[in-house]
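Listed below are the residues making up each chain.
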Amino acid sequence: MSAPLLTVEGLSVSFPGDGESRMRVVDRVGFSIAAGETLALVGESGCGKSMTALAIMRLIPKPGRIEAGSQIGFEARDVLSLSVPQMRAVRGARIGMIFQEPQTSLNPVTTVGSQVVEAIALHTQVSGSAARKRVVELFAQVGIPDPASRFDAYPHQLSGGLKQRVMIAMAMALRPRLLIADEPTTALDATIRAQILELLRNLSATTGTAVLLITHDFGVVNEVADRVAVMYAGQIVEEGTRVELLSRPRHPYTQGLLRSIPKPEARGHRLEEIKGAVPRPGHWPTGCRFHTRCTFAFEPCPAQEPARTAVSTTQAARCHLVAREIGP
Amino acid sequence: MTVLSAEALLEIRGLRTWFPVRTGVLRRPSSYVRAVDGVDLTIFPGETLALVGESGCGKTTVGRTILQLTEASGGSIWYRGVNLSLLSSQAFKPYRRQIQVVMQDPGSALDPRLTVRDCIAEGMDAFGIGAGAQERTERVAGLMGRVSLDPATMWRYPHEFSGGQRQRICIARALAVDPELLICDEATSALDVSIQAQILNLLADLQAERKLTYLFITHDLGVVRYFATRVAVMYLGRIVEVGPTERIFAEPRHPYTKALLASIPSLDPARRSVKPVALGDVPSPERPPPGCHYHPRCAVRLERCSREDPPVVPFSDGISRCFLSLDDRNGQIGGQGNGRTSTA
Numbered sequence: 001m002s003a004p005l006l007t008v009e010g011l012s013v014s015f016p017g018d019g020e021s022r023m024r025v026v027d028r029v030g031f032s033i034a035a036g037e038t039l040a041l042v043g044e045s046g047c048g049k050s051m052t053a054l055a056i057m058r059l060i061p062k063p064g065r066i067e068a069g070s071q072i073g074f075e076a077r078d079v080l081s082l083s084v085p086q087m088r089a090v091r092g093a094r095i096g097m098i099f100q101e102p103q104t105s106l107n108p109v110t111t112v113g114s115q116v117v118e119a120i121a122l123h124t125q126v127s128g129s130a131a132r133k134r135v136v137e138l139f140a141q142v143g144i145p146d147p148a149s150r151f152d153a154y155p156h157q158l159s160g161g162l163k164q165r166v167m168i169a170m171a172m173a174l175r176p177r178l179l180i181a182d183e184p185t186t187a188l189d190a191t192i193r194a195q196i197l198e199l200l201r202n203l204s205a206t207t208g209t210a211v212l213l214i215t216h217d218f219g220v221v222n223e224v225a226d227r228v229a230v231m232y233a234g235q236i237v238e239e240g241t242r243v244e245l246l247s248r249p250r251h252p253y254t255q256g257l258l259r260s261i262p263k264p265e266a267r268g269h270r271l272e273e274i275k276g277a278v279p280r281p282g283h284w285p286t287g288c289r290f291h292t293r294c295t296f297a298f299e300p301c302p303a304q305e306p307a308r309t310a311v312s313t314t315q316a317a318r319c320h321l322v323a324r325e326i327g328p
Numbered sequence: 329m330t331v332l333s334a335e336a337l338l339e340i341r342g343l344r345t346w347f348p349v350r351t352g353v354l355r356r357p358s359s360y361v362r363a364v365d366g367v368d369l370t371i372f373p374g375e376t377l378a379l380v381g382e383s384g385c386g387k388t389t390v391g392r393t394i395l396q397l398t399e400a401s402g403g404s405i406w407y408r409g410v411n412l413s414l415l416s417s418q419a420f421k422p423y424r425r426q427i428q429v430v431m432q433d434p435g436s437a438l439d440p441r442l443t444v445r446d447c448i449a450e451g452m453d454a455f456g457i458g459a460g461a462q463e464r465t466e467r468v469a470g471l472m473g474r475v476s477l478d479p480a481t482m483w484r485y486p487h488e489f490s491g492g493q494r495q496r497i498c499i500a501r502a503l504a505v506d507p508e509l510l511i512c513d514e515a516t517s518a519l520d521v522s523i524q525a526q527i528l529n530l531l532a533d534l535q536a537e538r539k540l541t542y543l544f545i546t547h548d549l550g551v552v553r554y555f556a557t558r559v560a561v562m563y564l565g566r567i568v569e570v571g572p573t574e575r576i577f578a579e580p581r582h583p584y585t586k587a588l589l590a591s592i593p594s595l596d597p598a599r600r601s602v603k604p605v606a607l608g609d610v611p612s613p614e615r616p617p618p619g620c621h622y623h624p625r626c627a628v629r630l631e632r633c634s635r636e637d638p639p640v641v642p643f644s645d646g647i648s649r650c651f652l653s654l655d656d657r658n659g660q661i662g663g664q665g666n667g668r669t670s671t672a
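Heads up: the protein sequence lines correspond to chains A and B, in order. Quick note on numbering: the numbering used here labels position 320 of the first sequence as 320, and the sequence is numbered without any gaps. With positions in the second sequence counted from 1, the corresponding number in the numbering used here is that position plus 328.
Just chain A, same shape as in the assembly:
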């Protein structure tokens, strides 16, 4: 296997806590993405999944910071040691991004076409007419009907689904190797979400762009991801292929999440709950951070942080119970 496109190792992100201390919102996270692959980073609000994505782009808002010892490698370069201009060249050109709310990412007083042209012109020398032609092509590629006339539309003239397509066109404009998509379909209606999911699937298949998909929705994971990493309280607690995680989850948190989704077979039965609430950053329990909500917790869980235990060549969990079952 060739070197992965993106490797993240020991990534920690911290914000100021009470007094002098800093609290970590992302704590020693590691994963990799191969070229053309779609990895879903899944978890509930506050688990650190969006901060992980922002860290990769070096867009952590102040006073947050990436802690020493964190490593991010992208296309065989050390992202954290790049200069600001070097990083700017990577962002947008080599790594594209789309977010949940397309309306807040688009400038309301400029046409959507010229905003995509601007994004292209930031990184490449291109004439006005060539840029316009390229953008109209991109608009057609992401399924914007009547792309030539939509070039001159203002954001408010477009629906949420079309604005998200413009964002995708902008992110894909320079044929990035990695697309970071943070909850790209969460704000969209069901019938529009279906269109965008199909688009994301097709784009990564036709362009070979790898995708880091941030989501809380296992349905979206199943529809587009190749591999999945589940985050809880700032850490990755389980990772595996899509089929492994959805059909044979090993970590009690992954199992609980999947069971708590209302499914048709559960009609007339109680849903399985995960008791308690997601702990907030700075209030994470000792040992295994999930032990306070886990029905299987035993002696080592509150005392000792569980190590990563490989279940297969592709699946691993951070859980004392899994470690005991697998054996040394």
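These aren't lab readings, by the way, just hints derived from the structure by calculation. None of the values given here were measured: they were computed from a predicted structure. Glycine included, each C-beta is placed from N, C-alpha and C at the ideal position. Check each hint, because a few of them may be wrong.
As the list claims (entries may be wrong) - Sample of chain B residues at the chain A side, in silico, Cβ under 7 Å:
1. G550
2. V551
3. L588
Here the structure of chain A is known, so what remains is to put chain B in place on it, guided by the hints.
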């Protein structure tokens, strides 16, 4: 469909809620957003009727109009045989007690200046429930215990609680006045999935204990399929299909219902099933398309769909507002069955 049902708890007939779009110096209405445009709906005691649809379809406005938070432009709303639309606000007051609401964002639904005790007791004060402050406080403690909140925390303020806990506070507040009908408007949509399961279980338990009736307004079809007795599907101000939940999901009749169901992501790793069936975008409710509102997005539309309003086609278990459903119904009545009809 003007016949009122004797068993119904709530009946909506021909409900219209239009919002004027005002322009010019004189602020005269130049057009109307037809948020709710001729809706018929019946809710039976003890059931959970899900009202589903995408943003802007008018589902929230239906709920707000029932609660008289928004004025109806036409039609009528009947509660146990009484036409609420004709009542003065004074005469409506007892019904305001019977019909309570739990909304999506528990953060903004609670007054941040009130303690949790006062938030929950507000309705009891308004309707004179409980002999005095002491008795109301005791009732608040009981309600908090019932929704799994620690009664010792009743003197704290809403911001000190998590999203899931705040939704429990909203539920306790609604229950404090012993309502019959609870309108849940996206009540679990803002919650994480592990917390959503807790709230859905709580709502199911409360329904069984108190014989509550739910109008469950949501865009989440997974929750609907798990939780609802019957489903009403709304599109651009109109109800397009009504039926029992299991039949709707197994054999949807309206093309829009079919598109909605095809858009549900699968959780089965052996199957990726999302199909974008509905074409293009949802049009603005200010300018709904002529004829069937769904026709520009419909993959099986007929020529007449863009010109004529489709009829409300009655079936034994609901309705479908589509010309194609006429054929389905004829097949059902003829007993021949053409392979597409339900015998429910």
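Verification of the hints:
1. G550: G550(B) check passes; min Cβ-Cβ to chain A is 5 Å, inside 7 Å.
2. V551: holds (5 Å)
3. L588: Holds. Min distance 6 Å.
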